[in-house]
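J.: Sequence:
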Amino acid sequence: MAADRRVITGFSNPTVKAFRALREKKHRKAAGKFLAEGLRLLTDALDTGHVPETLVLADRRDPHPLLTALEEAVERSGGEVIETSPDILSKITGKDNPQSVAGVFAEFDTSLAALDRNRADIWLVAQALRDPGNLGTMLRTGDAIGAGGLILLDDCADPFGVEAVRASMGAVFTQGIARAEWSEFESWLRSGPGQLVAASLRDAQPYRGAPYAVPCFVMVGNESRGLPEDYEMACDLRVTMPMKGRADSLNAAVAAAVLGYEVLAGIDG
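Residue numbers (the numbering used here): 16 to 284.
If you are wondering where the hints come from, they were derived from the structure by calculation, not from laboratory data.
Treat the hints loosely; a few may be bogus.
[To be verified] In silico BS3-like links for lysine-lysine, alpha-carbon gap of 27 Å or less:
1. Lys110 / Lys40
2. Lys41 / Lys110
3. Lys48 / Lys32
4. Lys32 / Lys44
5. Lys106 / Lys41
6. Lys106 / Lys48
7. Lys40 / Lys106
8. Lys44 / Lys110
9. Lys110 / Lys48
10. Lys32 / Lys106
11. Lys110 / Lys32
12. Lys106 / Lys44
[Unchecked claim] Just the calculated beta-carbon pair ranges, DEER-fashion:
13. Gly64 / Arg20: 21 to 31 Å
14. Asp74 / Ala280: 43 to 53 Å
15. Pro80 / Lys40: 34 to 44 Å
16. Asn112 / Ala280: 37 to 47 Å
17. Arg76 / Glu178: 17 to 27 Å
18. Asp283 / Pro80: 13 to 23 Å
19. Ser239 / Lys40: 13 to 23 Å
Heads up, the beta-carbon is just placed ideally off N, CA and C, and yes, glycines get one too.
Using the sequences and the accompanying hints, generate a full structural model.
T.: Below, the structure is given as C-alpha cells:
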C-alpha cells in the first residue's frame, strides 16, 4: 500500500456517504459524478481514456496487473486511491458481494452538440426508456454493432445510474451519450445528414432489405407505450418485424438490437 494512500475504516465517513449518495440521481446530478464497479468495467474505461477521479479498493483483494495499471493511472492523473473494507465497499456500491474495486467518474457532456454524427454509420435513439437495464443493454448493443452512441429522448432512465452502468458492460465508456427533448433532437437531426428509422405498424415495410441510409438513426420507444404517433410519422423510414407467436412486440432493447444488426447488414452489403 502506498504511504500517501487514504484508508477509510468507518461507515460514517463523509466520503463513504458522498459516494453512496451517487446511487441516487439527484445526488449524481448535483455532484456531476457517477459510480462504476468492477475490474473489467474500469479497465474498459481506462482503455478508452476515461480515468476515475477516485479509485476505491477493498483492502482484502488479490493482486492483479490490471488493478495495478488502474492505480497507477489514477495516481498519474492526480486522482485519489482509497482503501477500505469489503463491507464498506458494499455499502458504497449497494451490492452484497461487491467486486474489489470501484471508481468515481465525472459525468460526460451529454449535449447533442458534443456528438459528431459522421463518426459512425449507425446511431441508436430511445424515447422515454424507463428501465435502466434496457438502457444499459442498448449501450452494449450499440458497442457491438459499431454505433456512434445512444441518444436519449424525453424522460429516460439515467445512463449514469449504477444499474445502467452495470448492464452496459463497459459500453457507457465506449458509446457517445446525448440527452434531449424530441423537438431539440428533431431540429438537430434535420440540420445535417441522417435517416430516422423506427419499428412501426403505420405505413411500414418489412425490415429485411429496407432501404437504409447512413448515418442511420434507429429509434425505439417506451417499454409499454412504444413511440408516440407523431414521432413515428416524422421518421424517414418505418419498418415492421414479424411476430410469429402471441407476443405483439419485442422488448425495446431487443428490438434495437434486431434492427441495428439488420441496418448493419444492409449498409455493409
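J.: Give a verdict on every hint.
T.: Outcome of the hint check:
For the hint pairing lysine 110 with lysine 40, the CA-to-CA distance comes to about 17 Å; that is within 27 Å, so the pair holds. Among the hinted pairs, lysine 41 with lysine 110 is consistent with the structure: their alpha-carbon atoms are about 20 Å apart, no more than 27 Å. For the proposed pair lysine 48 and lysine 32, the alpha carbon gap of about 14 Å is at most 27 Å, so the pair holds. Note on lysine 32 and lysine 44: the hinted pairing holds, with a Cα-Cα distance of about 16 Å set against a maximum of 27 Å.
For the hint pairing lysine 106 with lysine 41, the CA-to-CA distance comes to about 18 Å; that is within 27 Å, so the pair holds. For the hint pairing lysine 106 with lysine 48, the CA-to-CA distance comes to about 18 Å; that is within 27 Å, so the pair holds. Distance hint between lysine 40 and lysine 106 is fulfilled; the C-alpha atoms sit about 17 Å from each other, no more than 27 Å. As the CA atoms of lysine 44 and lysine 110 are separated by approximately 22 Å, the hinted pair is consistent with the 27 Å bound.
Distance hint between lysine 110 and lysine 48 is fulfilled; the C-alpha atoms sit about 19 Å from each other, no more than 27 Å. The straight-line distance between the Cα atoms of lysine 32 and lysine 106 is roughly 9 Å, inside the 27 Å bound, and the hint therefore holds. A threshold of 27 Å between alpha carbons decides the hint, and for lysine 110 with lysine 32 the separation of about 15 Å falls inside it, so the pair holds. Distance check on the hinted pair: lysine 106 and lysine 44 sit about 20 Å apart at the alpha-carbon level, within 27 Å; holds.
Between glycine 64 and arginine 20 the beta carbons are some 24 Å apart, a value that agrees with the proposed interval 21 to 31 Å. For the pair aspartate 74 and alanine 280, the beta carbons lie near 49 Å from each other, so the given range of 43 to 53 Å is met. The hinted window of 34 to 44 Å between proline 80 and lysine 40 holds, with their beta carbons roughly 35 Å apart. The beta-carbon spacing between asparagine 112 and alanine 280, approximately 40 Å, falls within the hinted interval of 37 to 47 Å.
Taking the beta carbon of each, arginine 76 and glutamate 178 are about 24 Å apart, inside 17 to 27 Å as hinted. Restraint check, aspartate 283 to proline 80: a C-beta distance of roughly 37 Å breaks the suggested window 13 to 23 Å. Checked against the hint of 13 to 23 Å, the pair serine 239 and lysine 40 passes, with Cβ atoms roughly 21 Å apart.
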